[in-house]
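*Asks:* Chains as they are written, first to last, in my numbering: chain P, 8 to 167; chain L, 8 to 167.
Bear in mind the hints are in silico, worked out from the structure with no lab data behind them.
Check before you lean on any hint, since a few could be wrong.
For chains that are exact copies, the list does not tell them apart, and a pair is met inside one copy or across any two.
As the list claims (entries may be wrong) - Restricting the straight-line Cα-Cα distance to at most 20 Å, the calculated cross-link-like pairs of lysine to aspartate or glutamate (EDC-like) are:
no., residue 1, residue 2
1, K103, E121
2, K103, E146
3, K103, D54
4, K103, E165
5, K103, D66
6, K103, E76
7, K103, E32
8, K103, D72
9, K103, D35
All figures in this text were calculated on a predicted structure; none of them were measured in a lab.
Protein chains: 2
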Amino acid sequence: MDEAPPTPPVIEVVPIGFVHGGRTEVIDDQWGDVVADIVLDDRFPTDALDGLVEFSHLDVVYVFDQVDEATITVGARHPRGRTDWPRVGIFAQRAKGRPNRIGVTTCELVAVAERSVTVRGLDAVDGTPVLDLKPYMTEFAPRSPVRQPEWSSELMREYW
Amino acid sequence: MDEAPPTPPVIEVVPIGFVHGGRTEVIDDQWGDVVADIVLDDRFPTDALDGLVEFSHLDVVYVFDQVDEATITVGARHPRGRTDWPRVGIFAQRAKGRPNRIGVTTCELVAVAERSVTVRGLDAVDGTPVLDLKPYMTEFAPRSPVRQPEWSSELMREYW
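Just chain P, same shape as in the assembly (with noise of 0.2 Å):
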């Protein structure tokens, strides 16, 4: 018998919380004045949150599980269905039918109260699962200078 090839390892996850609020539907663009809430779920303490009021803008990690596992795409697509752009592998394009289907995002924080972070143009509806959330620090950001496509741009052009 030949040898089975090795199966990656399984890692569970659980939601630190949820989306509340925000958009209901799905959709692509215009996301950028979507205020949400992210709220924790309460096996987290209150000062689990403590000192991100301080930060201006924070990442959020989430799930689009709303997306049917049986539609990712591991290899490549055109981004969209736009045949004008380029068929690109999925881990070039940030498309949601993707392996694992994690959303990262970096939004505005508006308020923090308790168990709550209030968000301005996180991409996720209402009942999103969270799996983290992470303080923005310029120190984060690229530190030599940004090239990108065409395609790419044109697609961002309405999304915020």
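Since the structure of chain P is provided, determine the placement of chain L on it from the hints.
*Replies:* This is chain L only, laid out in the frame that chain P set:
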């Protein structure tokens, strides 16, 4: 009997690949010049990375799998144990001992070859499981002025 509190759902994720090379030792600082490969699992077709080379930077989502889950902070702590810095919540710092142990770092893309991406400035050691790669787009940077506390800039001074 009292009603049990709702149990948060468990979400299973599977590494898309692993970090190869770079550092083998977990060290806090001087990550900026570390060069490592991210090698995709061979269940991915080779076009999964097509077009990534058009971007100068990418976001790497990974798991701090060497962190003992028993040591994870869910409330507040002094970053790096520095009592001269404020005690802040785990979600107001980027420490690795965090719920779900997820790291997100924007790295410089050095090269792409079939199922492998070479990056500079990834703060994850050899063998780290990677959950996602996303191209960095300037449109995902903060769209309003950034503010952060002094302790965070001090902490980051020697990081890269």
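*Asks:* Hint by hint, work out which the structure violates, then give me just those numbers in ascending order.
*Replies:* 1
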